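Enquirer: Chains as they are written, first to last, in the numbering used here: chain A, 1 to 138; chain B, 139 to 276; chain C, 277 to 356; chain D, 357 to 436.
Derived by calculation from the structure, the hints in this document are not laboratory data.
Take the hints with a grain of salt, since some may be wrong.
Unchecked claim - Computed cross-link-like contacts, DSS-like style, restricted to lysine-lysine with a CA-CA straight-line distance of at most 27 Å: (1) C:Lys319 / A:Lys116; (2) D:Lys399 / B:Lys178; (3) B:Lys262 / B:Lys206.
Unchecked claim - Which residues of chain D face chain B? A few of them, derived with a C-beta cut under 7 Å, are: (4) Gly383; (5) Thr404; (6) Ile408; (7) Val410; (8) Pro423; (9) Gly424; (10) Ala428; (11) Pro432; (12) Val433; (13) Ser434.
Because the structure is a prediction, the values reported are computed rather than measured.
A virtual CB, placed ideally from N, CA and C, is assigned to each residue, including glycine.
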Amino acid sequence: MSELAITYEPIVVQQCIDAVLAPQSGGIDVFIGTVRDATKGKKVLRLEFEAYESMALSELQRIVADVKAKWPVHKIVIHHRTGVLYAGDVAVVIAVSAAHRDAAFEACRYAIDTLKQTVPIWKKEVFEDGEVWVAAHP
Amino acid sequence: MSELAITYEPIVVQQCIDAVLAPQSGGIDVFIGTVRDATKGKKVLRLEFEAYESMALSELQRIVADVKAKWPVHKIVIHHRTGVLYAGDVAVVIAVSAAHRDAAFEACRYAIDTLKQTVPIWKKEVFEDGEVWVAAHP
Amino acid sequence: MKINILAFGIAREIVGSPLTTAKLIDGLRVQQLKNDLEEQYPKLKQLTSFMIAVNGVYAMPDTVIEPGDEVALIPPVSGG
Amino acid sequence: MKINILAFGIAREIVGSPLTTAKLIDGLRVQQLKNDLEEQYPKLKQLTSFMIAVNGVYAMPDTVIEPGDEVALIPPVSGG
């Protein structure tokens with residue numbers, strides 16, 4: 001399975017975990033971003049994700065390189081979904097294995113924080129009475 | 139599925155994740171503790187886990203209560219395996235869901251750190267030339 | 277020179293198309309392109325941020341746009 | 357009074373059994389039981405730590421052991 005993916009298909013969390021399992025690893029941290037059914041108390045009907053796919057993959061590659069330079073991690077997998085998602089659907093999975101849990105937790109946290117700041121993926125929240133591109137306006 | 143378990147059966151990570159998924163959740167953090175094939179460069183043949191089960195469950199319950207008092211988490215699942223485990227086997231899974239990732243990451247980290255300090259579970263590392271109860275001696 | 281410009285998310289909605297072809301002066305820098313676009317599409321100025329990527333990399337304001345470059349309008353990202 | 361004492365991990369190996377029955381004086385406190393056990397099994401003193409749980413809860417040194425209590429020897433835990 002590929003380390004990085006931007007995909008229209010549902011993400012299978014177990015496959016991401018299996019891909020980072022390594023006999024020398026003692027800890028795996030996994031972050032799973034899911035679609036919430038409401039934002040600030042307002043019901044969300046669906047989310048629509050789009051990506052600038054080639055650039056998103058190269059920005060993800062940069063995150064992986066940064067992570068490997070900063071922490072002694074064994075393997076890292078980042079899969080992000082695009083298209084139309086509903087409450088409870090998995091939008092992103094980041095799995096990181098390391099010999100010890102410190103590195104796994106810190107690297108996973110850094111990866112999702114940086115993804116949200118730099119990777120060209122956008123989501124539109126669709127409500128009953130309108131839609132909003134998340135973070136687009138102050 | 140029960141929130142807390144000490145079990146001889148293999149832990150199915152996906153079931154732990156499914157159990158914390160909630161439509162109001164936006165982030166799930168999962169820690170998976172696995173058996174390493176070596177400790178300080180020495181090959182580990184197997185690990186043997188034992189638990190003081192009734193007390194372990196009540197200490198886990200205390201961790202869950204602490205977590206829920208400290209962070210706005212939705213659901214938390216902690217499953218720990220006992221018996222004989224080999225390299226790559228899953229020894230513990232902690233899954234935490236929350237509206238936002240901060241709480242999920244911090245609560246999951248707190249839970250595994252506290253588990254390792256307070257929950258009466260013991261592991262013996264078996265090497266080719268002997269065996270050692272982990273952390274027993276200074 | 278003629279150049280293809282990709283637009284994503286709300287920027288795509290503001291410019292009205294995921295791909296537009298613009299006629300740019302030779303030696304145009306990213307900052308000037310940004311200014312021109314904001315003049316043509318004032319709604320771009322209302323965004324929290326608005327970046328230009330050239331060939332799949334966030335571009336510096338003084339980067340010169342070359343013929344054949346892939347230019348993209350990047351509104352605030354919101355993945356995850 | 358007679359009392360059942362559970363032992364786990366390396367403590368079980370040191371005392372030689374997962375369950376022993378000890379004859380304790382009435383009103384015995386946890387600290388005294390600990391001292392008595394360390395005298396009887398000096399290897400307990402070599403552990404990084406050695407706690408006593410009474411009825412499934414870590415016990416304070418001055419806790420009095422009552423008839424029918426479940427007492428357990430808790431060497432350094434190492435789950436996870």
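Enquirer: So, for every hint listed, does it hold in this structure?
Expert: These are the hints, each one checked on the structure:
no. : hint                : verdict
1   : C:Lys319 / A:Lys116 : 23 Å, holds
2   : D:Lys399 / B:Lys178 : 25 Å, holds
3   : B:Lys262 / B:Lys206 : 32 Å, violated
4   : Gly383              : 24 Å, violated
5   : Thr404              : 5 Å, holds
6   : Ile408              : 12 Å, violated
7   : Val410              : 10 Å, violated
8   : Pro423              : 19 Å, violated
9   : Gly424              : 15 Å, violated
10  : Ala428              : 6 Å, holds
11  : Pro432              : 4 Å, holds
12  : Val433              : 6 Å, holds
13  : Ser434              : 4 Å, holds
In summary, the structure is inconsistent with hints 3, 4, 6, 7, 8, 9 from the numbered list given earlier, while agreeing with the others.
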